[in-house]
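Input sequences plus hints: build the corresponding full structure.
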Amino acid sequence: MNNSKPNKFWGFALKEFRHIFRDKRTLLIIFGMPIAQLLIFGYVVTNEIKDANIAIYDKSGDYLSQKLTSKLASSGYFIPTTFLHSENEIEPALRSGKAKMVIVYEPDFAKKFFKEGSAAIQIITDASEPNTASLLANYAWAIINSFATENGIKEFAAAPIDIRVRMLYNPELKAVFMFVPGTMALILMLLTAMMTAISIAREKELGTMEVLLVSPLKPSHIVIGKVLPYVGLAFTNSIVILLLGFTVFGLPIKGSLALLLLVCFIFILLALSLGILISTISKTQQVAMFISMIGLMLPTILLSGFIFPIENMPVILQWFSLIMPPRWFISAIKTIMIKGEGIAYVWKEMLIMIGMIVFFLTLSIKKFKVRLS
Amino acid sequence: MESKEIIIEVDNLVKKFGQFVANDNLTFKVYKGEIFGFLGANGAGKTTAIRIMSGLLEPTSGKINVAGFNAYTQRDLIKANIGYMSQKFSLYDDLTVKENIRFFGGIYGLYGKVLKARIDELLSDLKMTEFKNDLISSLPLGWKQRLSFSVAMIHKPVIIFLDEPTGGVDPITRRSFWEMIHQVASQGTTVFVTTHYMDEAEYCDRVTIMVDGRIEALDSPANLKKTFNASSMDEVFVMLARKAKSA
Amino acid sequence: MRAILFIIQKEFLQIFRNKTMLPIIFMLPIIQLLILANAATFEMKNINLSVVDYDNTNRSREVISHFEASHFYTIIPTEQSVDKALELVHANRADLVLVIPNGFQKDLDNSKTPKVQLLVNSINGTAASLANAYTSSILMSYTRSIFIGKIGPSMIKPSSITTQTNYWYNPELKYSHFMVPGILVVLVTIIGMFLTALNLVREKEIGTIEQINVTPIKRYQFIIGKLVPFWIIAVFELAFGLIVGKILFDIPINGSLLLLFSFAGVYLVLALGSGLLLSSISSSQQQVMFLAFFFIIVFVLMSGIFTSTESMPTWAKTFNRMNPLYYFMKVNRMVLIKGSNLSDIKDSFISVAVLAVTMLSFAILRYRKTS
Chain V
1 MNNSKPNKFW GFALKEFRHI FRDKRTLLII FGMPIAQLLI FGYVVTNEIK DANIAIYDKS
61 GDYLSQKLTS KLASSGYFIP TTFLHSENEI EPALRSGKAK MVIVYEPDFA KKFFKEGSAA
121 IQIITDASEP NTASLLANYA WAIINSFATE NGIKEFAAAP IDIRVRMLYN PELKAVFMFV
181 PGTMALILML LTAMMTAISI AREKELGTME VLLVSPLKPS HIVIGKVLPY VGLAFTNSIV
241 ILLLGFTVFG LPIKGSLALL LLVCFIFILL ALSLGILIST ISKTQQVAMF ISMIGLMLPT
301 ILLSGFIFPI ENMPVILQWF SLIMPPRWFI SAIKTIMIKG EGIAYVWKEM LIMIGMIVFF
361 LTLSIKKFKV RLS
Chain D
374 MESKEIIIEV DNLVKKFGQF VANDNLTFKV YKGEIFGFLG ANGAGKTTAI RIMSGLLEPT
434 SGKINVAGFN AYTQRDLIKA NIGYMSQKFS LYDDLTVKEN IRFFGGIYGL YGKVLKARID
494 ELLSDLKMTE FKNDLISSLP LGWKQRLSFS VAMIHKPVII FLDEPTGGVD PITRRSFWEM
554 IHQVASQGTT VFVTTHYMDE AEYCDRVTIM VDGRIEALDS PANLKKTFNA SSMDEVFVML
614 ARKAKSA
Chain E
621 MRAILFIIQK EFLQIFRNKT MLPIIFMLPI IQLLILANAA TFEMKNINLS VVDYDNTNRS
681 REVISHFEAS HFYTIIPTEQ SVDKALELVH ANRADLVLVI PNGFQKDLDN SKTPKVQLLV
741 NSINGTAASL ANAYTSSILM SYTRSIFIGK IGPSMIKPSS ITTQTNYWYN PELKYSHFMV
801 PGILVVLVTI IGMFLTALNL VREKEIGTIE QINVTPIKRY QFIIGKLVPF WIIAVFELAF
861 GLIVGKILFD IPINGSLLLL FSFAGVYLVL ALGSGLLLSS ISSSQQQVMF LAFFFIIVFV
921 LMSGIFTSTE SMPTWAKTFN RMNPLYYFMK VNRMVLIKGS NLSDIKDSFI SVAVLAVTML
981 SFAILRYRKT S
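Chains as they are written, first to last, in the working numbering: chain V, 1 to 373; chain D, 374 to 620; chain E, 621 to 991.
These are calculated hints, taken from the structure and not from any lab test. Values in this document were obtained by computation on a predicted structure and should not be read as measured data. Heads up, some of the hints might be wrong.
Unchecked claim - The calculated lysine-lysine pairs, modelled on BS3-like cross-linking and capped at a C-alpha distance of 30 Å, are:
1) E:K824 - V:K204
2) D:K599 - D:K616
3) E:K937 - D:K461
4) D:K486 - V:K15
5) D:K505 - V:K204
6) D:K486 - D:K436
7) E:K639 - D:K505
8) E:K838 - D:K461
9) V:K174 - E:K937
Below, the structure is given as structure tokens:
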């Protein structure tokens with residue numbers, strides 16, 4: 001009898017494995033998802049501006065204004081696509097989205113610049129995309145200022161201060177340092193928490209859970225058997241992401257690989273316990289899915305410091321982010337991978353994650369017992 | 374028998390799933406108003422055949438005519454003239470008795486006064502009028518089965534296909550279910566039923582015994598018992614199944 | 621036609637009977653908007669700065685007090701050692717270390733260019749370059765004011781170009797005005813698409829679809845009957861989200877709501893139709909969720925929800941021509957924030973309409989009553 005139990009358990013876990021592996025499409029997505037996401041974050045979702053369409057309203061039309069326009073065009077940031085001829089055309093150009101920014105030269109631009117020492121330019125940006133708008137304005141200022149220094153009278157050339165900047169950890173300011181940890185958090189959360197929540201809810205919905213519960217397997221074994229395959233998949237996935245980050249995007253792994261994988265493992269367990277908790281409170285797959293998706297996906301992307309820095313958020317949300325599991329995971333793996341630190345710098349994060357696991361599991365067991373009685 | 378009107382005609386029906394032959398050259402005729410049974414073990418190909426005849430599955434080859442319509446080209450016409458009830462109860466758990474009847478009546482094209490009258494008629498036939506606002510999930514299994522059957526009959530079809538309708542219920546409920554079947558048959562509806570309960574075969578006018586996708590025998594229960602010199606349909610079936618295995 | 625009405629009625633009965641889904645459908649968006657619209661911001665609110673002052677003179681202390689005066693900076697005290705300050709960066713307690721070397725005051729007073737060093741935690745490249753820019757400009761303006769004070773303003777009169785910058789449509793550069801319409805698009809899409817996709821597969825899983833397939837109902841009747849209820853819910857969701865956005869974030873509604881809802885109506889046919897298509901090729905809810913998830917994540921990230929689509933590489937722009945979310949993201953923001961009219965959005969409108977018709981035909985054709 002003692003001997004047969006583990007056998008039954010492994011048989012059950014194996015069944016779950018086969019169930020997942022038979023579905024080739026899901027499998028393809030499980031491994032295609034991290035790759036697609038890394039590529040998107042690596043090449044598409046960047047804060048760099050290039051080739052922004054701008055409009056020029058040149059009331060002067062002299063050689064200096066034209067020279068500045070072509071300097072703007074050659075910067076790579078802007079493409080002057082529209083040339084306006086009256087004040088009235090500015091609004092439609094921005095409203096239709098044909099131009100993100102309009103540069104307006106005052107009349108007699110060259111004359112004013114050389115004779116009066118000062119010429120004026122008006123920059124109008126489409127601030128419906130505020131971030132893009134301020135970046136565009138910043139780039140334009142920089143180009144205009146250097147243009148003024150190049151073409152103006154060089155009396156005051158000495159720089160007021162010499163600032164030596166050293167960018168620590170990421171001298172090339174590569175975005176990969178942010179998105180690889182973020183993608184990992186997102187994928188692991190999704191795969192483990194969501195898939196376990198749904199697959200347990202599925203058994204409940206189809207009534208097969210009852211069948212399992214009356215079987216000689218212990219409830220805890222059933223749950224472990226169900227989630228084990230996802231742990232395996234999630235772990236494989238984190239290795240795939242790390243490998244891709246390392247080979248394609250040149251992300252270093254400065255710290256200990258073993259520690260890194262341990263942190264991943266703890267996070268997977270955490271996502272798992274969260275998934276189990278969700279499954280205990282949802283009766284159907286739909287409910288489980290909506291809770292995991294709206295409750296996990298967007299907060300994982302937005303409240304974990306993945307895309308938007310936590311420091312910029314309102315204080316309440318900063319507190320809120322403290323209970324977001326991915327926040328601690330991302331912080332820990334950044335410290336290990338990028339700063340190359342050891343356990344001394346990440347024990348706090350690890351402890352918090354373990355604490356969360358204990359909390360979620362206790363809560364699930366309580367919920368489960370209440371339902372049974 | 375010969376004078377009877379043929380309502381289902383199947384000639385050399387073959388259905389393959391990849392290499393697997395689920396239906397191997399089935400040929401039979403069903404006459405109007407009879408109770409025609411399809412007997413066989415699980416996996417013998419009964420469900421495949423019944424699904425093809427009700428237009429849920431595409432046959433691989435063979436000639437199939439149901440209620441005078443071609444099963445390849447006139448599927449929607451067939452569907453308008455048949456009822457279907459499967460081993461799974463196809464009622465919505467989260468709708469009430471009345472809402473379920475209304476919904477299925479609606480998609481069969483009933484509406485207004487006709488639909489309302491039909492709903493009341495079904496409810497009183499089933500003696501469920503006072504439970505019409507109960508959710509399906511709260512009903513006992515036997516009731517759900519009878520309701521499923523009535524819902525499948527809501528548009529008064531010419532033929533009703535029943536795919537293992539009595540799975541999982543107690544003998545008494547099965548008995549009363551068969552009474553319902555006899556009742557609709559006596560009103561002229563043809564009943565095509567699959568089952569693996571051999572005792573139920575006795576209730577049929579004619580039965581077909583399927584083994585491994587082929588028809589091994591087709592006759593009335595009495596004739597079959599005579600031919601195989603057996604005391605029950607159970608015995609007939611066991612003999613045929615053994616023969617297939619040893620072959 | 622009547623059969624469609626019966627399906628619609630049945631779906632609504634089921635939706636309103638489900639006591640867990642309704643609150644999810646309408647409560648979660650509020651919570652999401654509240655949290656996410658506030659969280660999604662690149663605006664720098666605070667920089668933790670440590671200053672290692674080797675000079676320790678009046679001038680260097682003046683520099684520090686300049687930073688103290690700015691609400692952007694929180695000064696993290698540190699010892700007189702770069703190594704100690706770097707440890708603060710290591711422990712994520714400081715973002716930036718300013719090192720003022722010996723001789724800073726002397727250089728300034730002798731009209732020589734003074735030197736300082738900035739050490740920036742640049743794991744987050746964007747934040748690092750912003751912090752660097754802010755800090756440099758503060759240092760720059762401080763030293764420049766010292767120079768001007770010494771040489772006198774009359775001496776410096778180089779030709780210059782003065783720029784006046786106007787931020788139209790959103791003069792205060794409120795990030796929430798940008799994010800709320802974006803999040804709304806994602807929420808409406810997710811809720812509409814997932815509800816539709818799950819609904820059809822659920823009928824497959826439970827087996828009720830058989831009972832429908834065996835009726836003479838036409839494919840288009842069934843698909844449209846399935847689409848309409850969720851279309852209505854999604855339209856309500858959008859209206860509800862706009863109201864919440866208006867009340868909580870005072871988002872601008874500058875354009876015609878009629879135009880916005882007409883576009884949304886067509887867009888939703890596309891989004892829900894793709895949900896139906898996904899469900900017709902899946903056999904379980906788990907499968908369809910996973911498929912839908914994959915597509916949604918890719919489509920959302922590519923849609924320009926966070927970053928400008930114009931700066932994306934060409935292949936991404938080509939991809940976006942097929943991306944429903946890209947169009948709605950763009951149009952929702954244009955109409956709400958900029959008050960764009962029909963002629964401004966007509967290209968997107970046509971594209972979405974074409975995609976919607978294609979998708980719906982696909983969904984109807986792909987749905988098989990017979991397997």
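Structure-based check of all given hints:
{"no.": "1", "hint": "E:K824 - V:K204", "in the structure": "17 Å, holds"}
{"no.": "2", "hint": "D:K599 - D:K616", "in the structure": "18 Å, holds"}
{"no.": "3", "hint": "E:K937 - D:K461", "in the structure": "48 Å, violated"}
{"no.": "4", "hint": "D:K486 - V:K15", "in the structure": "53 Å, violated"}
{"no.": "5", "hint": "D:K505 - V:K204", "in the structure": "27 Å, holds"}
{"no.": "6", "hint": "D:K486 - D:K436", "in the structure": "40 Å, violated"}
{"no.": "7", "hint": "E:K639 - D:K505", "in the structure": "21 Å, holds"}
{"no.": "8", "hint": "E:K838 - D:K461", "in the structure": "23 Å, holds"}
{"no.": "9", "hint": "V:K174 - E:K937", "in the structure": "22 Å, holds"}
Hint compliance for this structure: hints 3, 4, 6 are not met, and every other hint is.
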